[in-house]
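With chain Z's structure known, arrange chain H on it following the hints.
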Amino acid sequence: METISSIKPLGAVLVSLIAAMLILLTGDRHRNLREAWTLLAAVIKFSLVFSLAGPILEGRSVETTLLTLVPGLKLQLRVDAFGLVFGLLASGLWVLTSIYSVGYMRSLQEHAQTRYFFCFALALSATMGIAFSANLLTLYIFYEILTLSTWPLVAHKETPEALAAGRKYLVYTLTSSTLILFSAAAIFVQTGTLDFTPGGFLAGRVAEGMLPLFFALLLFGFGVKAAIMPIHEWLPSAMIAPTPVSALLHAVAVVKAGVFGCLRVILYVFGPALLTQKGLWFPFALLVSFTILAAGMIALGQDNLKRRLAFSTINSLSIIILGALLLSKSGITGGILHLANHGYLKITLFFCAGAIYVKTRKELVSQLNGIGRRMPFTMGAFALGAMGLAGVPPLNGFISKWYLCLGALEAHEIIFLVVFLLSALLDVAFFFPIVYNAFFKAAKEEPFRCDEAPLTMVIPLTATALFSLVLGVYPDALMKFFSITNQAVRAILGGG
Amino acid sequence: MNAPQIPAAILIILIPLMSSYAIPLLGWRWRGAGYYLALSAIGASLVCSLILLYTVLTVGTIHYHLGGWLPPWGIEYVIDPLNGFVGVVVCCLSFLVTVSSRASVEKELPDKKVRFYTIYLLLFTGLMGITVTGDVFNLYVFLEIASLAAYALIAIGEDGAPLAAFNYIIMGTIGACFYLLGVGYLYIMTGSLNIADLAKLLPALYPSKVVLVALAFFLIGTAIKMGLFPLHVWLPDAYTFAPSAVSSFIAPLMTKVMAYILIRVMITVFEPSYSLKAVPVGTILTWLAAAAILVGSILAIAQSDFKRMLAYSSVSQIGYIVLGVGLANATGLVGSLLHILNHGFMKACLFSVAAALMLKTGGRNIYQLPGMHRRMPFTMAALAIAALSMVGVPPTCGFFSKWYLILGAIEAGQWIFVGVILLSSLLTAVYFMRVIEIIFFRPAPSGGHATGEGVRDEIPLSMSVPLWILAAGILLLGLFSEKIVSGILRLALPAGY
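Which chain is which? The protein sequence lines are Z and H, in order.
The working numbering puts the first sequence at residues 19 to 514.
The working numbering puts the second sequence at residues -5 to 491.
Read the hints as simulated data drawn from the structure, not as lab findings.
Among the hints, erroneous ones may be present.
As the list claims (entries may be wrong) - Derived pair list, reagent style EDC-like, types lysine to aspartate or glutamate, alpha-carbon separation capped at 20 Å:
#, chain 1, residue 1, chain 2, residue 2
1, Z, Lys175, H, Glu431
2, Z, Lys92, H, Glu476
3, H, Lys106, H, Asp153
4, H, Lys101, H, Asp153
5, Z, Lys380, Z, Glu179
6, H, Lys354, H, Glu102
7, H, Lys101, H, Glu452
8, H, Lys107, H, Glu152
9, Z, Lys186, H, Glu431
Claimed, not checked - Per the computed footprint, the stretches of chain Z lying under chain H, defined by three or more beta-carbons under 8 Å from a beta-carbon of chain H, are:
#, stretch
10, 86 to 97
11, 158 to 166
12, 190 to 198
13, 204 to 211
14, 272 to 282
Since this is a predicted model, take the numbers as computed values, not measurements.
Ideal Cβ placement from N, Cα and C applies to all residues, glycine included.
Pulled out of the complex, with its shape left as it was, chain Z reads as follows:
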């Protein structure tokens, strides 16, 4: 594969770092200028990432080498198809989340807004770094920065509950990072490299007995952020963060970074060939299947809306990992597509939850009767998002779920097909009552009126909902997710 050397990957990472510094310097005194830095950085970042799509679709990769970190390993960014999917997802959604954040924070007159926007920008810098990392050590570095930059966001409210949630978050994520570091160091000593290679690079270079150990350690290491059970507990607790944080970070950036890491390990470190040969994938496929079903069932019992959405996220993340673990062409395609699609769908749902909270201060599902008549756009978007997650056409969720089911069939594992179908049923079970109650269960006959949250919040949520619809009809719309995903799968399976 031809590699182009370019400053763009580095630019994409640095632009929000620079914005973070500017935000800190601007402070609370010039709020509009401070918000302008965030929006400007988001737009520039998205444009840079978007412009990388061209070379990627032509089959090349774009690289920036920064410096040598330790003898034998460089701090290196390489944009390949899979990284580009994540990069496009995160950068695109940051633009919308920034607009939403401004509306949310100002409506609630939240404290410590400078710290909030500073940490947010840093977190996005780290997310870009994760998406574009060329080797496991670079990924680890940005992974740690992501953990630390999101910690103040989890603890934002500064109540004892929020501080405790922050501490729990740190314990879970720092411990998991330890597992990743151990595996990376051990693999490096044995193979002399940590570069991500489509189809994996471990085959034949690592002692046979160590392979299951490394696989387990790396998957559990990344699995904390990917909220695999039983190490998922930090995510529901982290819902105490402000909703834009939950939306972008804990539905998109942080948890997707965990899933991204898992997929990198499965597809670019071990590779489908090696995993099939050793049969390592099956125990983990069972574990994530358990997560899918258990999270779905727990979601049924959650009255707090954000907690319900959190368990739905846990459910969806494990679906993505299961798709990749099936190691079949459609399975991997479905997994990567769902990484992107779920991002848009889930963020819509979280945006709606935030809008409802800002307007009515309601947090519980049981309080939402009839709210669809007050806030039709919000609940309409919620309905679209819920349909998408359940896999109802013509939304984008259907496309990825279709590929996932095909993947299960291609891998000749009916049991996982059943898991996917059951999970879709569970999605219907815990989302549709919300939609139904919102529109059809009014306390008294209320006329439809438009008493929505501020426009800065409603526009993003409508945009993500509608885009999900567009992606369902034309999966290559705007960002060419589908073509790029196919490019990635070709490389993985072609090389492996």
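For chain H alone, kept in the frame of chain Z given last:
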């Protein structure tokens, strides 16, 4: 290839020594003279140390014969990549810490300034002498100079300081005595005190029990002076109760120079194949180090006094350095040497923050710090960077020394020490993240942050500029650690590694 007699090798000691005599003289007329004279002397030594390192790397090992007397009868100063590196680290950190000392000395010891800087420079002289000398007994002389100066400086602190200094005197003197006994035994067996000469003469004598006992005495002596578990008991009190400027100076430097003595003895005086492998000293060192790492971290978690917490943290970090030595492979030793540099910067930064807090709040209790980031944002930011580095978050420097140590442990097949290093990172995270949470995320007691800005009350520039150079150094040293490793540290390794 050897370098000619360059004067920098002797000036590096002579200038601070002579300046320390000049301070009382000048200080009689002008009380502020001490600070400026100390600063210029240490600055001159810094320049000398850079010249020395540069010469070593480009030309070769420097041999300076004191008074023109040839070794092994005369005293010789030998600078090779190892002590050239340590010399630069010591001088650089000393300079930065000295710059920031003015404000805290003014506040804590206003009427003792002249005496303070006199003894301060003598301490620096002692440390530099230990670093550059090539003679084991000369090393003892400088060791005692440094130690006595340190005892005096610690004793002039607040309540509890004289007792802490007394404990340190007793234990430190015992340690120095063990070292001297080691020197004596080697002298009896070989008739020489010159390090290079001993290295040539000793291999023939390795079967001798006397030499073995000498090795043991060296070990115990340096272990006491370094504060290696379980001989660390003097350390927490000494670091906690000493005046701020003193703990900022001693904490990053003194134990590192003592670790340098250990390394020098283990790999130059004795050959590593004897000292670390034939006699199972390597194993002993690694297990003691592992205990130090864990015990230090666990005890640090129990502290609410900021400086005491940092002191136990230092006990833990010395464990890392000794672990790298004990692993007896190249990667491990590189990790140790890199950690001497990294930990120096980190602890200097942290103790400087402690000095800043003492200056502005007069206290050391971490639970009194909520909301401090509004009063002293830059200082607290530096604290955050240093704390993250201690935990080992890349790309700060702390991560890289841990990386080499982990790799060294894996290469040596000692998986349990990998676990120890990783576990201690998590334990370190507990007490440092707790401090960060208290400062940044807990509301300040007086009304919290209803207004966007608190009362900004930052430390004076003489303290904040060095602090920021240290914090920036932590980041830069991390990013460029590979250059340091390949350019300097690889050359400092002994033959056979």
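Item checked: Violated constraints from the hint list, given by number and in increasing order -> 14
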